[in-house]
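Visitor: Build the complex: two chains, separate frames, hints provided.
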Amino acid sequence: MAALSEEVLLVVKKVRQRKQDGTLYLMAERIAWGPEGKDRFTVSHLYADTRCQKISPDGKAKIQLQLVLHTGESTTFHFSNDSSALKDRDAAKELLQQLLPKFKKKANKELEEKNRMLQEDPVLFQLYKDLVVSQVISADEFWANRLGDTNHADPSLSNNKQEVGISGAFLADIRPQTDGCNGLRYNLTADIIESIFRTYPTVKEKYCENVPHNLTEKEFWTRFFQSHYFHRDRINTGTQDIFSECAKQDEQGLKSMVVQGVKNPLVDLLSLEDKTLDEGYGVCTTLPSTSNSNRSVKESSNSAIIKRFNHHSAMVLAAGSRKGETPANQASETSNTDGNSRDSVFFQPPVKKVKLKEAIEYEDLQRENRPKTVALNLKKSDRYAHGPVPLQSQQYTTSQDIINSVNYIQHEMVNYKPNLTQVLSSTTASSAIAALSSGGVLMQAATQQAINQMVPSEVQGELKHLYAAAGELLRHFWSCFPVNTPFMEEKVTKMKSNLERFQMTKLCPFQEKIQRQYLSTNLTGHLEEMLQTAYSKFHIWQTRRMLRKT
Amino acid sequence: MLNIEGLLVHFPYDYIYPEQYSYMLELKRTLDAKGHGVLEMPSGTGKTISLLSLIVAYQKVFPLEVSKLIYCSRTVPEIEKVVEELRKLMEYYSKQTGESNNFLALALSSRKNLCIHPEVSSLRVGKEVDGKCHTLTASYIRAQRHSDPDLPVCRFYEDFDAVGRQMPLPAGVYNLDDLKDFGKRNGWCPYYLARYSLMHANIVVYSYHYLLDPKIADLVSKELTKKSVVVFDEAHNIDNVCIDSMSVNISRRTLDRCQTNVETLQNTIQKIKETDATKLKMEYRRLVEGLKEANVARETDVYLSNPVLPDEILQEAVPGTIRTAEHFVGFLKRFLEYLKSRLRVHHVVQESTPQFLKDIFDKVCIDRKPLRFCAERLRSLLRTLEIADIADFSAVTLISNFATLVSTYSQGFTIIIEPFEDRTPTIANPVLHFSCMDPSIAIKPVFQRFQSVIITSGTLSPLDIYPRILDFRPVTMASFTMTLARTCLCPLIVGRGNDQVALSSKFETREDFAVIRNYGSLLQEMSAIVPDGIVAFFTSYMYMENIVAAWYEQGILENIQRNKLIFIETPDAAETSMALEKYQEACENGRGAILLSVARGKVSEGIDFVHHFGRAVIMFGVPYVYTQSRILKARLEYLRDQFQIRENDFLTFDAMRHAAQCVGRVIRGKTDYGLMIFADKRYARADKRGKLPRWIQEHISDGSLNLTVDEAVQLSKHFLRQMAQPFRQEDQLGLSLLTLEQLESEEMLKKISQIAHQT
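Chains as they are written, first to last, in full-length UniProt numbering: chain A, 1 to 550; chain B, 1 to 759.
Keep in mind that the hints are not guaranteed to be accurate.
[To be verified] Listed below are several chain A residues computed to face chain B (Cβ distance under 7 Å; list not exhaustive):
#, residue
1, M257
2, V262
3, Y281
4, I306
5, L317
The set of hints was computed from the structure by calculation and includes no laboratory data. We put the beta carbon where it would ideally sit given N, CA and C, even for glycine.
Next up, chain B with everything else stripped away, as it sits in the complex (with noise of 0.2 Å):
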């Protein structure tokens, strides 16, 4: 039980850390403030149960003040992995206080991992387990089994619309597990039990998307409560995911796709007109009285909802132009047609959206207002019709939210047509981009929406970038390092090889053989001194594949070989897995390996790489991103003029963040160790090292900024062989552990404090 300003917090553990202190500090002045926070501490000092203790606690004794925490993460095992630190809690809580636990707190994940029909479910793949659950739970087709009933029906589904909603899940901590065994034993649909669960849990784990994504927000998190704490974890990388969430792609195999979409909605419209007019009617008069398909709108149906933010829908009626399920295709052929005739280019375009919208209407006479609507339209005319598969019209879906989103925001986009990729200008391949630039559009309903937002990582340096590009004021922000009785990491820049060649991935000694060999040398001492695993980034794909060529050719992986077996990521992301397996076996039964891998990949992103499994980590060169990418060019412009963020200044923001992460995969506490060896000259440079995270940071000294590889090696050998020395728990306490007397000494305080306003 510990004293955070006046309120009592549970912690579920014998001890604490003293950043884990101050973190609960800053984060219950957030939540009195009822305001944002920035938080930056370094992954495995506990950050996870620090903000769930005191959000806990906070709930408990404010219920009226915040009623709920939605708690969001980035990948499907960082959900779990919360719900089971949260399980820990409550169960310390009912412990502690004697009492049953009346919270209810669960995680919500997509179909293809809460499905249990076992058809369905087999289906494995995202996108198909959703539209199979949609042939099956739509509600025209369970309206037309009433006249049929030999239609396929899902009984869990079924059984959970018939009983499931009067009985509120019983309070308790459900795991996605949890959910579907519960589901099974009553014979509900843990997906569908899950989502209506929501409003009334108290505590919610999900991924971004279902905040982020207005495609599905409007959706799932529509109606959650204004007096929630909204977490984002692992935040480092959010403005990507708002961009994402807001940009469209639209090749020429699109439109093909969405070319023969268009007819199948005519003929079927032909159809019906034969057979039931009626049906078409009724659409009509409802979309002339201006009726929202609200009346009609079921949760299993609410598969297309609108591209674009709730506050930018337009609170009116059709316009009389595409009314007419006729109309509208007419309006989408010839939507469809400019849209080929702008890809039939020969250079690069660029343009804004007015721009765009001043084009489309001089050439087709398309109005804005329309094009507006044309998503809402859309998904009435595909209602109507009672399509059931509807990832059939994923292309003219894609295109109708194209034109709802271009015609709805005049600022924050661009459109980029670009008639060929860049490295193959010989074969014609257009793609119009329509690409987001600015991530505070998607975010900014969050912001204003819920009491109070936390963006929280272990990398988030320099934390005052993050309020500026996602345009909020946030009311604390701190980064807190991790206290360590002794050093254990190591971050190393090597700048040179041992014959003085200055090493850099930099464009113009990218294909520099000296450079490459160094770099393998580097690797292959590195192999011969290090324990277990060692892990090494490389800044893209394309690069590593070629040092690793070149790496063959001269022999240095057989080398390499001598002392570790050799694991390389692929892009293809199950063999990637594999690979994965297998090196981390290969450092488990002690022979040791070496995962060759690439920043941005996926094993960057979602991977660590605790105590055996990395030893060390090198990152080869700056991960800067491909700075020749028209979008991102246009990106950085807007930045520029809109934030006054400096197109450097950000680049390098956003290479020492992708650098940072990938080093930080291998310490994963305060027990584990590991070497960062950053093998790049520029590295050594104010600027780049002063945007890495603190923590990292306070560890690089002066001594260790140029090194030549066989100092870097003598370097490490040191470290390690220090490492190595048994590590009790006896030796943190008091220092990075403190037990609760310790944390209520007067003295600790003020040098916990200290330590927290470093910053």
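Here chain A stands alone, though its shape is the one from the complex (with noise of 0.2 Å):
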């Protein structure tokens, strides 16, 4: 066997995949399967490549279930035990069941991670084609290098993921679908499933309570399906439904909620008014009665389904904040509890007098109290872009040094004396004029036309792209020195490699088509030279690798 070493932790005999018998084993990491009376694998998938399982229906002739990878292939399976065929693929159903969120979950999250960046960045998902596509470099070489960055940038947000929240509408999202005989199927992932868990927990407890013991998993899902708990709109008529327990425990739930009271003041409907007016005065409007005898039937399932929302909207959001939340609540509770009891009234409860402070506030009427700065007046934005970049480093001044120094400069300017005696003589001065204005020797470059008017914007784009592809490849190239390590010794080996290929699949395609087109020559000059600064780096790294050893 190929892989003795891993745990086998099922074997299925009698399946069959494209019409041949063999024997489907179930490891730790993947799914493989061996023709009969062969000792290796055809067929093997590792789990973390595989989106998810389906099954054939019941009732059936032939009893199935196909993997579907994230590729978009597909590989069925069919179980030909004639005694045990459905018993055979549930049980590979049921660990396959258990196997794989485990391993969707890395897998997702890198394959969404990449699709991500790729989709956020035009400029990365066209580096991705130049090299990648066209086989220049390895996948996993682009992405090593990517993948990392971000990783770095930012350890905090990649150590302590964010929990994620719940959709609103989760169970909107549960389509009942008809099945053609009268029945509804509702369709329940895994994520589904999690989030009614999250959301309803005496759900969870039900399931806990029930599920292996008494009833199977989607015996206990159609009940919940069918239930009043999920149909709230229903008058609750039978008690034998284990979900009314639910029911009830949510509605104290949402008792308790309401009795703890809310936090801010300025919500509080029930301290809003001052003082109401005494039972039997007023004019009294035609409130809708309170007493539940003369409500209808349908007025009652109308105010339970307001009832529903609002208790759904409140766990959801629950569900979403619940761990970030608890010890801001206890904090509250305590501040609670003691604004009871007799000493507190001496300590006001923060919230209110902060909420207070925000309600009165007027920001725009105050006067901004920032320390003064200077705001950047571009008079030639291009001049800003392209200008000469000082290349010391300098130390970060403030705007008041920036101010101060502003104002010394000026000082200076006023008290300015001309000293006549040590400028430059007339001639020699024309003469630098001269040179300097445009025409003159020092500015040549300057008179050049500028290239965008020259050069088609096709090659221009195609230019963009090889300058980004060639860029890419030598930020990976770079990256490498120094060279310490033998990995990257071999790395540094291979992006030279990668270089010269890139030069010679699609930089001289590139020259040769510009001298076709008779446009100015030296359009891929300067990318040349760094490929070529590239080499020589490499050429000398080499040599005196050679040295030291010899």
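Guide: Dropping the structure here:
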């Protein structure tokens, strides 16, 4: 067997794949199938590559299980053991059900991340196409660097990943489908189940109580969807429903939430009124009568819906912030409780003060109290973008410093007296001016026509891509230095060959193309220069290494 | 330091909005003329601070002209906000002038918000706190304690009573919590301390009831000086407050409870007669002599006061027929039986108060005069019998208040007896409504007594209707708009669905499936494009329930849930508070939420949706009041006959002020922004649109009058994109925000007065 070291979790015999009999193995990290009589696997999928499993509906003649991979390919296994096909399939399904989610998260997260990065960054996407799709470098190489970057950039983010909330409409996502013969089918995914559990902890309790012992999973969910609990607009009729208790508990929860009251006094409708009219006074407007006896069934079902939505939203909200919330809750609870005790009358709940203060604040009527700053005023923004950049590192100066120095300069300027004995002679001065004005010797470079007028835009685009790709490769290349591990050595050599390959497959054809179009010659000069620099660096490194070795 | 027509006003901010300046100008003119004023200025433009700055400055300069500011607001948070703004102003004053502030400003609220007695305050419900307080502090209870020292006592009140009065509250600004702190520190009852300090405070902040409800005003606000300026903030509903304070409803349950009350009274009288007959004799003598209870009136007993306005109370002795306790109880019994017989009707009865009085005289020979003394006589009896917990006697108090009211006022009230509710004609539930139809009755003494009364709110349009229904003559009426550097509100009138179905909440199309569906798609589309919070208002709770149910069945709510969480107002205030808090939490953490709520509900009246808590508000339908109610019909008739206000005008006015209240909830300042969507084609009509406040009206362009859902979505997207751009202070300066120098320039003053006088 190919993988004896692997732990085999399940072996199912008589499983057909592509009309060939064989054996299905479920291992710790992958699923594999080998034809009968051979001791190698012809099919082997890592769980991490698997998107989902599908099973044939009950009652079909063929009992099958299909694995769908992330790539979109799928593999179908046909369980052909006459006596125990269904059992075999279910066993495999159950096991997969447990295994897949574990790997799914990991794989998914990476894949999603990659997808997201490509979608968000069109340049990166182009680069990906240029380098990976045209097989200059492998996808792994491409990503190794990228993902590393992002992870390093924000270690806090990757380490304690953010708790993901629950969609408010998760119940709406369970679309019932008619199965053709007067029944409904609900498709549940692990995500939805988790959402239900997180939002309605009571359902989870019920599940834990009942599921393996009293009911199968399927029965449980069937009952759930049939229950009054799911369809809140129905008036509770049967008490034998296992979920009626849930409803009661929810109601209790809602009540306790209501009793607890609200923390923000500004939204507390109970204490809004200062003095309510005593009973019997006031114009009585026709209020909906509160006595239950004369409420019609429809009305009470309506109010049940309203209650349900409030509860649902509150639960979803709570599920999303359950972790962060608890300490805050406790704090407020304690302050709440001692709000009643006698000593704490001195201790005003701070929430109230803050909220009151917020409510009377007019931010725009107040002068802003920020340190004085100087607005950057660009007369010619292109000069800012392309102008010479001093290389010496400067310490940052505060705005105040700048203002001071401007003042100082102004002061100096006022006191400036030209030293007329030490000026240039007029001839040298005029020749210098001539040299510096347009057409002069020193200004030759400035006369060149704007490149964007000479070169067709399509070539420009291509050039841009080349630059991006070359830049990416060079980045990989240069990031290898200093080369101090054998891995780096290997990589740098590979990168050099990558660069060469890039020059051969991409740059040279482009050069030829330009020449064919008789465009100005030196469009790629800078690119080549960059590559040359890299090559020479590589040579220097190589020769040094040789020297060291000898 | 601003110069408002010669008055130097300290304004605690670096900048000022032009409309604040205009507002102060108008206010000053009102004060100068010693008259009343109606001023409308959008919320979020610093109305409160402008009011306070000007009036405080006025008080400082002319202490003899205006000696007190009485600031009335509607809700407890509002009251606290006003006091906080005042604190800010006072701190600014002492910083600017360098001297410590000698103003006393305080907030007053009911016992439940001020009590520090550990047991009493833990009751939390207003009525219970009041009752418990009364059992500890009533004068005869305290008298009994002299003989029986074991009786429970409120040490805070005792300490206050012993020393609190000698030492006036030191100058400063006292919010409710500050009062409690102060009370705690000195061991004095903050409630009575505040009530006592009311008399010499320079500024008082409390709720409407303390001035408008005669039952409370008589106790609390009786001795406030005439040279006060009274401000009613958020006054758009003031007429309803007035009416509520004078109306009474009597159901069969009330009568049953009253019956037991009367029996208890009778038994107590019997008992006292056997043990302590002198007490009753004393009372009788007192009543004969016409000695009013003034001599024994202690502030703590003031529990039951006369329900009618002070100038209507007869200044004479209680008539002989009800002077003895037994006779009075007999009188009450007869009255009760009469009311019971009236409630036994099978059809609706509506009659005027003279008719009612005539009928009662014919049937049970009860005269008008003893009826008028009913409330006062009951008060005397309850005190004589030393009944501690008056809360138990609320039913008999209600009946006697009704007796006094009905015999005092022959105009402006109506009596309607309904045998059943309109919606449930099979269930007998007779109610006698004694309903006040004229808000000017309750507010009249306020206008007469105080030299300046300012009625102000963010939404008072159309301005001229308030003087008419409240029956007073203002010296100034002005509506200020919000000067804006960017148009931060976007009112849109959506009149059609994408399928061209006319959208309306009017009665005929209420159940129309197409309308409900289109409303749903409006909300759904908005939920997809509006960031953070959306608030939607429906015309009534019933309507909302039905629509929510329909949306649920059609799966619209599920689709909305994909975009935002949904929270819904319920009739239960505690539940709604929780939903509201969760709604804010969801807006805060970025998930976004929708709050479905009801116009005229608590949310629409008291909760602000600043910034991200409300980026859009959708008004589904025109919030007309339930017009089939007989009380309303009677009131409309009265308005027509007395004030020449046509029914339709009043109904539209009422609907539009509530609509304006609802949509105005999202804009709370110039840095805020929000969409205002009026989803009913009727809003496009000039008679509706013209009744919106000016600051909303002027942003409704002809192009946004009858939009389809899609068009509204397009306009909203555009608007939201614009609003998402950074908005800095510099953008506002000189336009909607002025420095002192800018304000002083001739040119700017001209511009401001031009804006202000566009009305």
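Visitor: If a hint holds in the structure, say so; if it does not, say that too.
Guide: Comparing the hints with the structure gives:
| no. | hint | in the structure |
| --- | --- | --- |
| 1 | M257 | holds, 6 Å |
| 2 | V262 | holds, 4 Å |
| 3 | Y281 | holds, 6 Å |
| 4 | I306 | holds, 5 Å |
| 5 | L317 | holds, 5 Å |
Of the numbered hints listed earlier, not one is contradicted by the structure.
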